[in-house]
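A.B. asks: Listed here are the chains, written in short residue letters.
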Amino acid sequence: MTGKTAAAIASLFIALGSFGCLAFYEIGIETPIQAKFDVSSFQRVLVVGFLAGGSKGIDPNTETARLLRSQLRTKQDMKVIDSDAISLVTEVDRRRQAAGGVPMAGGTAVASGTPTASGVPSASDEPKIKDEKDLQSYDSIFADVDYWKKLGEEYQGPLIVTGSVLFTEVQKSGMVSHPREYIDSLGHQQVEEVREFSDRKGYALAPKFIFIDGRTGAQLYSESFREETYYPSSQNMPALSSYFELMDKVLPSFLSALSTQKIKGTRILLK
Amino acid sequence: MPIRITLALVLALGMAVPAYADRRSDAKAQVDFGIAVAQKGLWKEATYRWEKAVEVDPTYAAAWNDLGIGYEQQGKFDDARKAYEKAIELEPKNNYIRQNYDLFREIYDRQNRRRDR
Chain E
164 MTGKTAAAIA SLFIALGSFG CLAFYEIGIE TPIQAKFDVS SFQRVLVVGF LAGGSKGIDP
224 NTETARLLRS QLRTKQDMKV IDSDAISLVT EVDRRRQAAG GVPMAGGTAV ASGTPTASGV
284 PSASDEPKIK DEKDLQSYDS IFADVDYWKK LGEEYQGPLI VTGSVLFTEV QKSGMVSHPR
344 EYIDSLGHQQ VEEVREFSDR KGYALAPKFI FIDGRTGAQL YSESFREETY YPSSQNMPAL
404 SSYFELMDKV LPSFLSALST QKIKGTRILL K
Chain Y
83 MPIRITLALV LALGMAVPAY ADRRSDAKAQ VDFGIAVAQK GLWKEATYRW EKAVEVDPTY
143 AAAWNDLGIG YEQQGKFDDA RKAYEKAIEL EPKNNYIRQN YDLFREIYDR QNRRRDR
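Residue numbers (the numbering used here), protein chains in the order written: chain E, 164 to 434; chain Y, 83 to 199.
Since the hints were derived computationally from the structure, they do not count as laboratory data.
Since the model is a prediction, treat every value here as computed from it, not as a measurement.
A hint or two may mislead.
As the list claims (entries may be wrong) - Computed Cβ-Cβ distance ranges for the label pairs, DEER-style:
no.	chain 1	residue 1	chain 2	residue 2	range
1	Y	Leu124	E	Lys296	40 to 46 Å
2	Y	Arg192	E	Arg258	51 to 57 Å
3	E	Tyr318	Y	Lys126	49 to 55 Å
What the hints assert, rightly or not - Residues from chain Y shown here face chain E by an in silico Cβ test under 10 Å; the list is partial:
no.	residue
4	Pro140
5	Thr141
6	Gly150
7	Glu154
8	Ile170
9	Pro174
10	Tyr178
Just so you know, even glycine gets a beta-carbon here, dropped at the ideal spot from N, CA and C.
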């Protein structure tokens, strides 16, 4: 055996050894994420309705109640109670009137859940809740334990889902980058990044989900979110499309609050 | 006297190297079996095998890494963290282990933030 042959064999062994050390296998895993609070004592869940407002393009109360019910039906084990979404705005105004006060100004509130036949409130409807400040003047209802307990008794003590949803139009101006294709001096197609001033408009969604024990009226858990989406001002994006786009981002977190969810991913197994 | 000590050391080393090789070989067999069953979705069996592997050879970084994955898949986050961290301690420059650990930490930290609320 020559020196060269011996060196080649030695190199082969080293290479094989290294390969053996580096053997790896990509594998899919599903990591279980535990629910944020214990719902094991509830058999039923009631999506009551939301303090809602902002854009008059949609009725966030009705849309949110409908969307959450459909998600809860398919992605967790409790039975979802069928009921119309309650207008919490109307409930607070009714109380104010009963107490001798004056309800907040505004037309037929979007939040009152009275959309037109098309499902979208008419142009004359002005939401009573237009911003965070308006919302704060109504949110004392969430601390009214007796109200929620009474409501819970009507449905045999379910888990109550309520909260607030503010869906507002937003605008933003500034420099944005976008790719632009051009033909260079040699006739080849090229792409360059162009920065230019742009007016953009869109929507912001700020939901707060509150979970209440229907047997006691006590709050179990609450969580707030805020999502925004922007489009070029020349693009006419329907409010309802933007609403669903933004809710899609929030829904996984909402669902993981009350049921164990699995996060899919990949890991590397080593030898 | 120094010759005797040297001889004793050489003898001890000579015995230790095969023993280490045997341990690694046994642990590797467990790791291989664990990988085979994990690929079939039998995660409990796989995790059991990787537990055996680190028991036999506690210096086997790949086995600790795989054990971390097994625990993670079963939602045993604290055990998974310890296993991954042991793997990194043994092989700090292994990018695969680092990558697994980083992905795990994203979920682990999010879960712990929830508990704190």
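A.B. asks: Need the list of violated hint numbers for this structure, in ascending order.
C.D. replies: 1, 2, 3, 4, 5, 8 and 9
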